[in-house]
Each structure stands twice: as C-alpha cells, then as structure tokens.
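> Sequence:
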Amino acid sequence: MATPASNRTLPAIQVDPTNKPYFDAAREGRLLIGLCKDTNKHFWYPRGCSPFTLSNNVELVQAKGTGTIYTYTVMRTKEPYCVAYVELDEGVRVFTNIVDCDLDSLKIGQKVKVVFKPTQGDSPPATMFTPA
299 MATPASNRTL PAIQVDPTNK PYFDAAREGR LLIGLCKDTN KHFWYPRGCS PFTLSNNVEL
359 VQAKGTGTIY TYTVMRTKEP YCVAYVELDE GVRVFTNIVD CDLDSLKIGQ KVKVVFKPTQ
419 GDSPPATMFT PA
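Each residue of the sequence shown is one higher than the one before, starting from 299 at the first, in my numbering.
A couple of the hints might just be wrong.
Below, simulated DSBU-like cross-link-like pairs (lysine-lysine); rule was C-alpha separation at most 30 Å, straight line [claimed, not checked]:
1. Lys-409 <-> Lys-318
2. Lys-318 <-> Lys-415
3. Lys-409 <-> Lys-335
4. Lys-415 <-> Lys-376
Distance windows between CB atoms, simulated [said to hold, decoys possible]:
5. Glu-357 <-> Val-313: 18 to 24 Å
6. Glu-377 <-> Ser-421: 16 to 22 Å
7. Lys-318 <-> Thr-364: 20 to 26 Å
8. Val-313 <-> Met-373: 24 to 30 Å
9. Ala-300 <-> Glu-357: 40 to 46 Å
10. Thr-307 <-> Thr-351: 37 to 43 Å
If you are wondering where the hints come from, they were derived from the structure by calculation, not from laboratory data.
Ideal placement from N, C-alpha and C gives every residue a C-beta, glycine not left out.
Turn these sequences into a full structure, and let the hints steer you where they fit.
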C-alpha cells in the first residue's frame, strides 16, 4: 500500500540579515550554498564563516538543485513525512524533507531535485526535495 507524503502546514521562517540573501533566492526558486574561497569547497548551511578555515572569505553560489538521497527515514505519523540527508551534486549534504511522492518508493541513491514549499504568512518558502 502506498504512503503518500502529506502536505502539512509549514511554520513561518524567521528571516534576519544573515540569512536574507539565501531566502531571497529561495523566493526566486534558486538554491544557494556556501563556497569557501580559500579552499574552493562548497558547504551547507550557507553562512558568513567557512567551516573549513573559519575565514569570512566566503560567498553564496547557486547550486544545480539536484542530488541523491544519502539516507532517509519515513515518519509514519497521522500525516506521514520523510526526513533525509540529500547529497547535492556539488558534494554537500543537506538535511531536508522529501515531498510530493509515494514515501514507500524512496530509495537510497535515488535522484532528487529541489522544490520550494510555501510556509505560513508572507514567510519565504522552505527548501525540500522531490524525486527527479
């Protein structure tokens, strides 16, 4: 029997000056990740300090928005949902939800693509993934 992902209500996201560029891009349907300019390595979550060097020599760059499921679990609650680590094509792993699919058909290694789901109020959308 198929387990469809629920379309649960997502709470509003709090935007502040440090995350505003990320969420402005999300409103435009673009996924941004961090890039350490000292090491040329990508990182997640985007922030003003490199996790590799602790330098602020970083920038936000647009990701392809595609990747593979690294691991996942299905929460079989009244409104079933899936939490997962997705490894982006750029090599970073994102903790996220897999949506808009039959949760019983998911597999480790499955290709996925980014989707932006609405949140409450005038808040920016939440970053999630769906099978590609």
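> Taking the hints in turn, state whether each one holds.
Against the structure, the hints:
| no. | hint | result |
| --- | --- | --- |
| 1 | Lys-409 <-> Lys-318 | holds (28 Å) |
| 2 | Lys-318 <-> Lys-415 | holds (17 Å) |
| 3 | Lys-409 <-> Lys-335 | holds (28 Å) |
| 4 | Lys-415 <-> Lys-376 | holds (20 Å) |
| 5 | Glu-357 <-> Val-313: 18 to 24 Å | holds (19 Å) |
| 6 | Glu-377 <-> Ser-421: 16 to 22 Å | holds (20 Å) |
| 7 | Lys-318 <-> Thr-364: 20 to 26 Å | holds (25 Å) |
| 8 | Val-313 <-> Met-373: 24 to 30 Å | holds (27 Å) |
| 9 | Ala-300 <-> Glu-357: 40 to 46 Å | holds (42 Å) |
| 10 | Thr-307 <-> Thr-351: 37 to 43 Å | holds (40 Å) |
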